[in-house]
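Each chain, letter by letter, is given below.
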Amino acid sequence: MTATTTAATTTPVDARAPAPHLLADTLVIARRHLLALSRQPQLLVFVVIQPIMFVLLFRFVFGGAIRTPPGYSYVDYLMPGIITQTVAFGSSGTAVAMADDIQKGIIDRFRALPMSRSAVIGGRVLSDLARLLLTIGVMTLVGVLIGWRPDLNPLRLVAALGFGLGFGQAMSWLSALVGLSIRSVEAAQAASFVGIFPLTFASSVFVPVQFMPGWLQAFARANPITLVASTIRALTHGDAVGHSWWEALIWLVAITAAASIAATRKYKQTSS
Amino acid sequence: MPLAIRADGLVKHFGTTVALDGLDLSAEQGRVLGVLGPNGAGKTTAVRILATLLVADRGHAEVAGFDVARQPQEVRSVIGLTGQYAALDENLTGLENLDMIGRLAQIGKAQARQRAGELLERFDLANAAGRPARTYSGGMRRRLDLAASLVGRPVVLFLDEPTTGLDPQSRNALWEVVRDLVTDGTTILLTTQYLEEADKLADEIAVIDEGRVIARGTPTELKASVGGEVLAMQLADAGQVDAAVAALGPFGAEARVEDATINIPVGADKRVLSAAVRRLDEAGIALADLGTRRPSLDDVFLGLTGHVAEGGEAGQDGSPPPRQSRSGRRRSRKEAA
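One line per chain: the protein sequences are A and B, in this order.
Position one of the first sequence corresponds to residue 9 (this note's numbering), numbered consecutively onward.
Position one of the second sequence corresponds to residue 3 (this note's numbering), numbered consecutively onward.
Just so you know, these hints were derived from the structure itself, not from any lab.
Heads up, none of these hints are tricks.
Label pairs and their in silico Cβ distance ranges:
| id | chain 1 | residue 1 | chain 2 | residue 2 | range |
| --- | --- | --- | --- | --- | --- |
| 1 | B | Leu-306 | A | Gln-277 | 34 to 40 Å |
| 2 | B | Gly-140 | A | Ser-192 | 19 to 25 Å |
| 3 | A | Lys-276 | B | Ala-234 | 53 to 59 Å |
| 4 | A | Ser-81 | B | Ser-139 | 56 to 62 Å |
| 5 | A | Leu-42 | B | Thr-137 | 18 to 24 Å |
| 6 | B | Thr-137 | A | Ser-192 | 23 to 29 Å |
| 7 | B | Ala-128 | A | Lys-276 | 33 to 39 Å |
| 8 | A | Ala-195 | B | Gly-305 | 43 to 49 Å |
| 9 | A | Glu-194 | B | Arg-258 | 50 to 56 Å |
| 10 | B | Glu-120 | A | Pro-49 | 30 to 36 Å |
| 11 | B | Asn-174 | A | Ser-46 | 36 to 42 Å |
| 12 | A | Gly-170 | B | Arg-136 | 34 to 40 Å |
| 13 | A | Pro-49 | B | Gly-140 | 23 to 29 Å |
Quick caveat: nothing in here was measured; it's all calculated off a predicted structure.
Cβ atoms here follow ideal geometry from the backbone N, Cα and C, with glycine treated the same way.
Generate coordinates for the entire structure from the input sequences, incorporating the hints supplied.
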């Protein structure tokens, strides 16, 4: 559908705007969120400080009491897990942002513009990835300072980062869907927390799955957070990645496909 | 004149609530159509359908010649929309907000920047252009919001209760802007609960209630439909009401006993004014007060619907319009009864 059709006008409309550009509109929206982030220093607490506190807490307080698999120091075990956890927790901001945009009428404003219908969520997801790069960078630095020694094979590092960001964007789409469906800032916050918290802790993020009770092991092994954390762990530790990588990949592709389609549909129907 | 807005038989249900019940609207190009009605009459629903945000259950609507259901993207490229809230990103500056909207309106990067600057100047926001919108006052936010709806140079502008909650000064400034836009040829659909606002701005008014148009015409026509000017004379002594009516009988006098007032319709012949006063004087009846009163749109609304419009109850909470309407209407019926 183009915006230049002049058929059957009752009003002489001069040549109007060209058809929307998905990429250009997505970049405009991503820029909006990054500018807004830079204007809210208090959000840095969630982007940078809270992840560092979690790293220090588990490394120095709980870490000594947690058994690790053979060949792993706890910090080597912990860092891939805690990066995965931070990626999952960070996505909840997108649910809140979408609900807030609905409440403020901003989604209405966008929907009344001749812009791409996928760019509002796509731009938010893109800005989430930029934010995640910052968070992962800072965490990696802190991790190295407290003794993390990842395998420096560049292919493995790029693959590990790819799994982290891939998981991040899948969670962002899902979070956008939650925000657009729930439409209230407080409820979106609560729903994200209730969903992400148990998934994160009943996983291999902090504690190896084999030390959990049997009933929980079944859940934890199928948990996408376990699969992503285990894949990043194997990649950064120089181990064989086994079957976790493709299981993780299936999860990421499935979540991304389902959530992006559902969220875009929801956006098109949303009205405050 | 060609029609810039045309809606035929729009029907919209929300669950069991009927928001629109066969609404017809039309606006000529370059004119202001005022859509007047109480809270929940269906004004916002109508705007949302015309602005492609909602799809009607039945009926047909065109904006600038484009079918809102079949050519929504074309419609979006020729409209501007300002709702009841300032729909802005609080963390972006005024300039960044307008620049973003311009780019998303597909007018191009350079144009967006230039247009943002022009509009900030025009709406007296140039000094605040570099400040985050969260630091703006309520009036400044609404001006920025209106500016945002003009970035794409809309042919048709929808203003949904644009002055709700505004101070008188900001309201007057907004009225000025509306008049300027009309001079430039923009067609405007303005919804309002303020009768005065529709009277001041609209070339034509559609009065809607319960999802349909119950009257339409120019402000003058609507006022004429409830009668012309009235001479209201309040007697010094309430006991003389009957005597006064007898004396003024030939003028078609009507008495309101409760405040000792006699009303006389004033036609084209203004000599009635002095003649009536002379008659009372001759009959030895003293006056406490007198004056002429032009019928307001309040009278129009009362005459048409049997209940008063609820100007003061502007909805600023986010509750959905249809719901809010129901309780509001019930309340006003009681008041009118």
